[in-house]
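Let the sequences and hints guide you as you build the complete structure.
Protein chains: 2
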Amino acid sequence: MNAPVPIDLAEKFGLIHEHWRPRVAAKLNGQDVRLVKVKGVFPWHSHPDAEEMFLVWKGAFRVEFRDAVRELSPGQFIVVPRGVEHRTAADEEAEVLIFEASDVINTGDAPPSEYTAPVGETV
Amino acid sequence: MNAPVPIDLAEKFGLIHEHWRPRVAAKLNGQDVRLVKVKGVFPWHSHPDAEEMFLVWKGAFRVEFRDAVRELSPGQFIVVPRGVEHRTAADEEAEVLIFEASDVINTGDAPPSEYTAPVGETV
Chain R
1 MNAPVPIDLA
11 EKFGLIHEHW
21 RPRVAAKLNG
31 QDVRLVKVKG
41 VFPWHSHPDA
51 EEMFLVWKGA
61 FRVEFRDAVR
71 ELSPGQFIVV
81 PRGVEHRTAA
91 DEEAEVLIFE
101 ASDVINTGDA
111 PPSEYTAPVG
121 ETV
Chain G
1 MNAPVPIDLA
11 EKFGLIHEHW
21 RPRVAAKLNG
31 QDVRLVKVKG
41 VFPWHSHPDA
51 EEMFLVWKGA
61 FRVEFRDAVR
71 ELSPGQFIVV
81 PRGVEHRTAA
91 DEEAEVLIFE
101 ASDVINTGDA
111 PPSEYTAPVG
121 ETV
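For the record, the sequence lines run as chains R and G.
Every letter in the first sequence is one number past the one before it in the UniProt record's numbering, and letter 74, counting from 1, is 74.
Every letter in the second sequence is one number past the one before it in the UniProt record's numbering, and letter 58, counting from 1, is 58.
Because the hints were derived from the structure by calculation, they are not lab data.
This one's a predicted model, so the numbers in the text were calculated from it and none came from an experiment.
The beta-carbon is built from N, C-alpha and C at its ideal position, and this holds for glycine as well.
Among these hints, one or two may not hold up.
To be verified - Once the Cα atoms are required to be at most 25 Å apart in a straight line, the calculated SDA-like pairs of lysine to any residue come out as:
1) 39/G x 4/R
2) 27/R x 104/R
3) 58/R x 107/G
4) 39/G x 2/G
5) 27/G x 30/R
6) 27/G x 112/R
7) 27/R x 57/G
8) 39/G x 7/G
9) 39/R x 76/G
10) 12/R x 62/G
11) 39/G x 107/G
12) 39/R x 4/R
13) 12/R x 107/G
14) 58/R x 10/R
15) 58/G x 71/R
16) 27/R x 92/R
17) 58/R x 101/R
18) 39/R x 103/R
As the list claims (entries may be wrong) - Pairwise CB distance ranges (calculated):
19) 19/R x 111/G: 30 to 36 Å
20) 41/R x 2/G: 44 to 50 Å
21) 66/G x 74/R: 15 to 21 Å
What the hints assert, rightly or not - Negatives, chain G to chain R, calculated, CB over 10 Å:
22) 21
23) 31
24) 40
25) 109
26) 113
27) 123
Here is the structure:
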């Protein structure tokens with residue numbers, strides 16, 4: 001068998017040059033490890049059938065809910081429960097690792113828009 | 001609804017005082033985010049039905065396969081395919097985030113031993 005090789009987050013983020021377009025860095029158990037660079041404010045949406053986890057790698061990242069705003073720094077993560085409306089935001093560019101089901105569309109139940117990214121694009 | 005709150009990896013690792021005893025920091029989509037402090041060498045084993053991901057948070061961490069050794073630094077991760085024999089190791093204490101299915105036992109198909117940790121213990 002061919003032993004798996006380590007994946008370096010800094011190296012992979014260095015290959016990403018767009019905002020809000022998550023790239024799949026690995027897959028396991030029906031889930032994706034996606035990497036995304038973010039800047040600005042993402043549309044409100046929810047994912048009716050799946051939880052979504054955001055782990056901040058670099059920069060300041062915000063997850064807004066209808067009744068609260070959560071500020072996250074590198075080394076902090078949050079799990080958004082299924083069906084809960086949220087939007088993500090960053091005043092300056094931030095790098096975020098997303099752990100979520102492989103069939104999840106980034107804009108969830110919001111209408112497709114310029115923020116809607118292809119599912120399954122790798123890095 | 002009650003908005004979820006961020007989880008701080010450094011804070012959570014600060015609450016863990018044992019080696020090789022993963023604690024669940026969050027759950028999503030049938031998976032656990034487990035945090036573990038490691039030092040020494042873990043028994044050989046495999047997980048027949050699930051992939052397992054190790055992301056190094058602090059220190060130097062090693063995943064050994066029968067035909068290769070992978071050295072990981074902070075910010076690097078590896079996904080061990082299901083059914084593949086492996087053992088983890090660290091010469092000095094290291095802190096590792098594990099993503100894996102919530103029903104997975106840390107020693108997999110190896111006989112229960114002093115390394116076998118309870119499933120579902122939280123931090």
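Outcome of the hint check:
1. 39/G x 4/R: 22 Å, holds
2. 27/R x 104/R: Between residue 27/R and residue 104/R the Cα gap is close to 13 Å, so the pair holds against 25 Å.
3. 58/R x 107/G: Cα-Cα ~33 Å, so violated.
4. 39/G x 2/G: Roughly 38 Å separates the two Cα atoms, so the pair is violated.
5. 27/G x 30/R: 15 Å, holds
6. 27/G x 112/R: Violated, at roughly 28 Å.
7. 27/R x 57/G: 20 Å, holds
8. 39/G x 7/G: 24 Å, holds
9. 39/R x 76/G: 24 Å, holds
10. 12/R x 62/G: 20 Å, holds
11. 39/G x 107/G: 15 Å, holds
12. 39/R x 4/R: The given pair, whose Cα atoms are some 32 Å apart, is violated under the 25 Å limit.
13. 12/R x 107/G: The given pair, whose Cα atoms are some 30 Å apart, is violated under the 25 Å limit.
14. 58/R x 10/R: 9 Å, holds
15. 58/G x 71/R: It holds: about 23 Å lies between the C-alpha atoms, which stays within 25 Å.
16. 27/R x 92/R: Not OK: residue 27/R and residue 92/R at ~28 Å, beyond 25 Å, violated.
17. 58/R x 101/R: 23 Å, holds
18. 39/R x 103/R: This hinted pair holds, its Cα atoms lying about 24 Å apart.
19. 19/R x 111/G: 30 to 36 Å: 50 Å, violated
20. 41/R x 2/G: 44 to 50 Å: 23 Å, violated
21. 66/G x 74/R: 15 to 21 Å: Because 35 Å falls outside the window, the suggested range is violated.
22. 21: 21 Å, holds
23. 31: The claim is violated: residue 31/G sits with its nearest Cβ about 6 Å from chain R, within 10 Å.
24. 40: At roughly 20 Å from the nearest Cβ of chain R, residue 40/G sits farther out than 10 Å, so the non-interface label holds.
25. 109: Given that every Cβ of chain R is farther than 10 Å from that of residue 109/G, nearest at about 16 Å, it holds.
26. 113: 24 Å, holds
27. 123: The assertion about residue 123/G holds, with a minimum of 13 Å to chain R.
In terms of the numbered hints stated before, the structure departs from hints 3, 4, 6, 12, 13, 16, 19, 20, 21, 23, listed from lowest to highest.
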